[in-house]
Every structure is written in structure tokens, then in C-alpha cells.
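Peer 1: As a plain string of letters, each chain reads:
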Amino acid sequence: MNKRSLSLLLVPAGWLALFLLVPTVVLAVRSLGPEAARTLAEATTWMLLGRSFLIAAVATVLCLGVSYPAALFIAGCSARWRNLLLFLVVLPFWTNLLVRTFALMFVLRPLGILYTEGAVILGLVHSFLPFMILPLYVSIEKVPRRLLEASQDLGASPWRTFWKVTVPLTMPGIAAGCMLVFIPLLGIFALPEFLGGTRVPMVGNQINHYFMRSENPGAGSALTLVLMLLTAAFAGLYYRLRRTEGLV
Amino acid sequence: MNRAILALAVLGGCGPSAPELHVLTWPNYFAKDTIQAFEKGAGCRVVLDYMESSESLRAKLAGGGSGYDVVFPSDEAVPALVAQGLLEKLDRAKLPGFGNILPPFRGLPFDPENAYSIPYMWGTTGIAYLKDKVNPPPDSWEALWDPKLVNQMTMLDDGREVFAAALRVTGADLRAPSSLEAIRKAEEKLLERKPKAYDSSPKAMLMEGDCWIAQCYNVDALQTAAELGGKVGYVVPREGGTLWIDSLCIPRGAPRPDLAHRFIDYLLRPEVSAAITNEILSANPNGAARKLIRKEVLENPLVFPPEEVLRRCAALPVLSPESKKALDAAWARLKAR
Amino acid sequence: MRRALGAYTGLILAALYAPIAVMVVYSFNASNSFRWTGFTLEWYRRAWENRDLRSALANTVVLALVSMTLATVLGTMAALAARPVFRGKKLYAALVSLPVMVPDIVLAVALLALFRALGVSLSLWTAALAHTTFNLSYVAVTVSARLQGMDRTAELAAQDLGATPWGAFWRVTFPAILPGVLSGALLAFTLSFDDFAVTYFTSGPGGATLPVMVYSMVRFGVTPEINAVSTVLLAASLGLIVASLRLSRVPVAGGGR
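Protein chains in written order, with this note's numbering: chain G, 1 to 248; chain E, 1 to 337; chain A, 1 to 257.
Some clues are possibly wrong.
Straight line, CA to CA, 25 Å or less: simulated SDA-like cross-link-like pairs of lysine to any residue [as the list claims (entries may be wrong)]:
1. Lys295/E with Pro104/E
2. Lys148/E with Gly230/E
3. Lys185/E with Leu88/G
4. Lys325/E with Val107/G
5. Lys231/E with Leu111/G
6. Lys89/A with Val22/G
7. Lys133/E with Leu228/E
8. Lys325/E with Ala41/G
9. Lys131/E with Glu113/E
10. Lys194/E with Glu208/E
11. Lys194/E with Val29/G
12. Lys189/E with Pro104/E
13. Lys142/G with Trp159/G
14. Lys32/E with Ser55/A
15. Lys32/E with Thr164/A
16. Lys133/E with Val107/G
17. Lys295/E with Glu208/E
18. Lys325/E with Leu40/G
19. Lys189/E with Trp159/G
20. Lys131/E with Asp146/E
21. Lys94/E with Asp265/E
22. Lys185/E with Trp46/G
23. Lys231/E with Glu188/E
24. Lys325/E with Leu180/E
Note that these hints are calculated values from the structure, not bench results.
All chains, full assembly: derive it from the sequences and hints.
Peer 2: Next up, the structure:
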């Protein structure tokens, strides 16, 4: 490896070492106190983690289900329509999530479902639709038309073609979309707080509580570290399965 | 490259020409002109940050170097902040206005020599409710446990206050530091039902009708009542409520202590103090300001409670470290469920 | 079938835009409540005069610009450095992509812990450092995706023909990856602009950005000024995107994301 490559490598590596590795070590050190130990020993903490994973998983699967038909449609459009639709899908991304959530409260309040788990899951799915639609679209678009035609020529119904050809071939997109949605969902806290109140506690809310509402950095650090390890392991598995040469 | 230069130029030009005073306080805690008048007089800019609960103030100051110049802790937070060395000793020579504070409010147990804090406003914690939804009006903390209201109830986002309400209902003696057994019983009581939300300022929720009954500071309840035209009631339950005092303090390492002292002294001026009370409807420990407070406010029993209500109320007791840990753990557990 | 899918997509888009429509419409509502009482521009005027709101907007923009710039430089470097195979590359790749693999609250808390441990006062600058850190990864991942599909023969040919490695980079490689770099930069700006969790944990007094301000306002009573600001921002970003599309004539989907 030549010298220029080395300097290219070291500068960002140095930055990340200072701003990622060192903080992780600090978190680990902070997690060695009695407060942290007590928090990790309690059943409620693990139930909270479990519930957060469940809510995130449900929201991700629902998001996938809601997004796939839309992505399918967009991929089948002419180039002009495609660009317009994708643009429309991405544009809400440019409004502030919290403002959108507050506006969502406006919409959900008359329906009487505010402060329920359903409202939170609805809000989560709604907020992360663009993150799911885009990777799905990219993947669907890559499926060669001739394969679909061949399948139909061989007598398969559109349904069968869909499940036996399209879906398996778009697995990378499905996986990417799910990762892009599931991981951030695990740490989210402002949205569940607004839409669910106390009824939908998630890990993010609890971490926020430990650092910002109650002075317990030890417990907060421990919980954050656990979340970090769990999600990194999850994502690590995903990247391992993808087997790529670059960074993605 | 051009972008970098542009960013630097923007940053360079962004420095304020006037000194900035950073204040951490509750929302709606000043009159409309209070801050602006001070800025004009002192030739500075005041930057207000709001805290979500009195515990969050402790969290923000933890570790020192928070960057704030003036903070508004409640009485039970002050001793802990002092013990952790997070507050600067006040220079009383710079605070001649201290003489305006009524003698009963000076030298209170949490800061016997007013070395670190100057009283700002005081009030009670009780129950706010929507009059047309909650009939008859509640008179006990048990109302928060009413099965008919379980989906319309909120409590303060403050472990001490939440447990204080539960302790009063379970009959623990609050003038002694809470014992572990009492805390355990309170936690059990609190597990009986979950509030809709923990909100230290349930004004928005009351106004939207998201909650009908709320554990609430009297100041917030009164402001909500003023805005909703009397549809909101407030009561200090018969078991008693918390008597709180918010103080003005300077955190350790404040960037502009002189300006901070000036601001505190400014708030002690009778006309400034009275204007604030008149607008935000909070009780005022400033004797010199009394004559400038509007009659309706002075005679409002929810702002300046009568003797018999005051007798039921008590300040939040200082907990032993052991009790504090138990309470914090119980509070975190409640939130996690 | 196509028709059903089309109707469905329309429905999804409508649902997606419902809250945004509410936000825009109510920014013109004469009263601060659910009932429509009349058209007004009062909130826009008040938002303009609201010093804290202006300050928060300025903070948000500065933060986004600074972290985007730094992150684009560092992230591109990281992506380029990851091209050759070298010892420890797997570890390096894991390090660079870690911020993308964990929820943002984890990064926020980790950086808060670092700043507290170092005794650094929180401010807009600590937030900028934090933003740069996560943006770095997103840029690196974006550019790396672009690099993967790239044909290196042009670069090698340039070197064979006598160009210095530096020259080859600037004349051949960089123009080729430029769409990816720009995509990454845009992504970084957007993420920074909209970020809540990281800013909430790592910014100090006076360093509030728009999302942080909205968070505290939602608890204490939002005024439609926020709706007004959000509508303006939406219109501005709409204009920006349309303008950039016109200029570059690059299909939205193929931007190397």
C-alpha cells in the first residue's frame, strides 16, 4: 500500500478512532458502576429491550408490506413518471420529522387512537416509508424483464411469477430496506413519546430518561452499550451475508 | 473548497457583538417584556433554554461546564447541586436587591445562608382538571387512580413529585426522609395504573383535551385556566401537596458571572418581580413587590394559598443517598414498563 | 393489475402527504387550534420576527454546511482508501460503517460521554463534530457504492501515459466519482439538517437547532410559527431539488445513492 493511500486511510480512521472508538470505551467504563449493574440485572430492562425489538420488527415488516406494491408500480412506469413518483416519495423526507409527527397527531387525534401502540407503529411506518421504497425500487428495477417474460411464457400466473421470480431476485433490496428501517427504529424516542405517551416505552425513551430526565449516566451508558452491541451484531450479520468488496 | 470558505465566513460573521447570557429555566416563567428590558438595559443578549423537568436541570449541569450562566433549580435540587460543587457561591455584594425578599423566605433549610441561591417564585403542586369532564371536582390524590379517568390522567415528569403523590395516598410521613419500605409501597401503588403521559407542563394536553386530570404545578394550571377561560380547575388535595420554591443560581464555571449577578439582581427589582407575578400568576417571595401586584392575583387563593392549605403542604424532603437511589431505580422501572 | 397498483400507490402517496398538507394548511390558519377560522400570514410574520426561531434556523444551516463539508472530504478519503486490499481492511470497513449500523441515539450518547469525559463544554461545535462523524460514514458508503461499479482502466491508462498518481486522481478518478460525492454531500446535508437525536444530546446552550426547538415546543404548546417555518423550508427544498434536477439532468434514482 503506497504512502498516499496510507494518508488517505489514516485521516478518517483517526477521526473515527477519536469519535467512535474512544467514546465506546468511555461508555464501557461508565457501564462498570453499581447503577449500571443494577439496571442490567433487572427484568424490566430486558423486557423493554424485547418490546422495542418487537415494535421495530412489526413496524419494519408492515413498512415492507406497504412499500413493496408501491415500489413495484413505480418500477414499472415510464422513465418520466418514475422520476416524478420517486421525487414525490423522497420529498416528505425534507420536512422535519418532529413537525410531521406533530401534524400526524393532528390527524390521529380525532380518530381517538393517539397514545396507543397502534398510533406509534402507524407513525413509524409512515415516517420510514421513503427509506423502504427507494432500495426496493432500485432492486426491483434491476430484475431483467426477460426473466419475467420467460416465466409467463412457461405458463406461470402473474402471482406465481411474482413470488418465485421477482421476490427472490429482489431479496438484496428487501434486506437493505429492512436494515435501513429496522436499525434506526430501535433507537427512536421522540416519536413514540409524542404518539404513545407512556403506553409505548422504548429503549430510546429509557436512555433519554437516564441522561436527560434523571441523573443516571451509568445506567444510560450500559443500556446504550447493550443497544450498540445488539444492533452492530445484527448489522454485522447482514453485511457478512452480503459479501461485498467495498464498504457497502 | 468554496463551500468550506463560505461556511467559515458565515461562522466568522456569526459571532454576536453583544455578550450572551445563557439561562436555563421553565417555559413561560417571565413576563412578556422582562427579558427584552434587561437586554436593553445591560446591552446584552439573553438566550433562553427550557428544561423539561427539574431533574433534567440536574442532568444538564452534571459534570460542570454546562455553559449556562443562570439556572432555576427547585428547592430540593439545591443541596445536591451544592454537595456536588456544581454551583458558584453568590457574591451578595452584587445583589443588593436581596433585601426585598421577605424574611420567612430567607435562609431556608436547603440553603441556610443563601450562599448559592436566591428565591425566585414559589407555589404548590396539586391537581388540575377539566371542570366539565371531572365531576365532582377532585379533592384527593386518589382521583388520579380513579378507574373512570385512567385513560385521561397525566403526572409530572419528576420522580420526586410522582412518588410524593403516591406516598401521600399510602399515608407515609413526608416530613421525615422517606424510608425504603415507604418507597416500595409507593411503587406498588403507582403500578396499579399508568398515566397517559409524564408531562411536567401538561398545558398543551389539557388544552387539547388529551387529558382531563393532571398532576400539575399551580402556575401551569392557572395559566391554562386563564387561556381556557375558566374551564380548568386546580385543587390542592386534602392529603396535601408539595410546596416548592424555585431559586436563582449560578452554575460553576458560568462564562459570565458578572452579567449573571446583574440579571439576578434585575429580577429582584420590585417592579420586575411584580410584573412577572401579574402575568404568570406565581407566588412571589419579594416583599417590595407586593404593593405592585394586582389585587385579583394577591387575593387568588390558588396563587397565594390560605393558611389552612399551606399547613397541609410540605417541601419535598431531602432524601438519604440510599433512599434517593431506591427512588431513582423505582422511577426508572416505572417508566420502562 | 397495473391499475390497482397505481391506485394503491396514489393512496400511499396521499397518506404520506396528509400530515404535510395539514402542516401547510394550518400555517395559514388564523387561530392556533384545530378549527379553521380564516386565512392569515400572521404566523409567517411572527416566525420571521421570532429571534429564537431565526437563531435555531441559522444554527441548523451552519451545522449542516460545516458537517457536510468536513464529512464529504473525510468520507471520500475513507472510500478511496478502502479500494485496495490491505491487512485489516475488514476492520477498517467495519469501523467506517459502524455509524450506519447503529441507531443514532447510540452515537449521540457515545459522543456525549466523550465530551463529558474530556470536560468539553457542549456547544454548536460539539454538535458539529458529532454530525461530521455520522455523516462521514454515509458519505463513505455512498461513494464506495459508486466506486465499486467503476472501471479502473481509465485511471491506470492515465498513469501508464505518464500522469502522476495525483494527476490521475484529479483528472480521471475524481470526475468519475463526482456524482457519488455530490450524492453523499447532499445526503449528509439532509441528514444533518433533519437530525434530532444527535443534536439533542450533543449541543449546548444557545446551540438549539430547529428540530430540537420543535421538540421542546411540542411539549409546551406549538404555535403555528413552526408550521410556517416548515412550509417555507419545504418550498425552499422543493425549489432546490427542482433547480438541481434541471441543471444536472440526472435521473433522480441513479444518483449513486
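Peer 1: What hint numbers does the structure not satisfy?
Peer 2: Going through the list in order, the structure violates hints 3, 4, 9, 11, 12, 15, 17, 19, 23 and respects the others.
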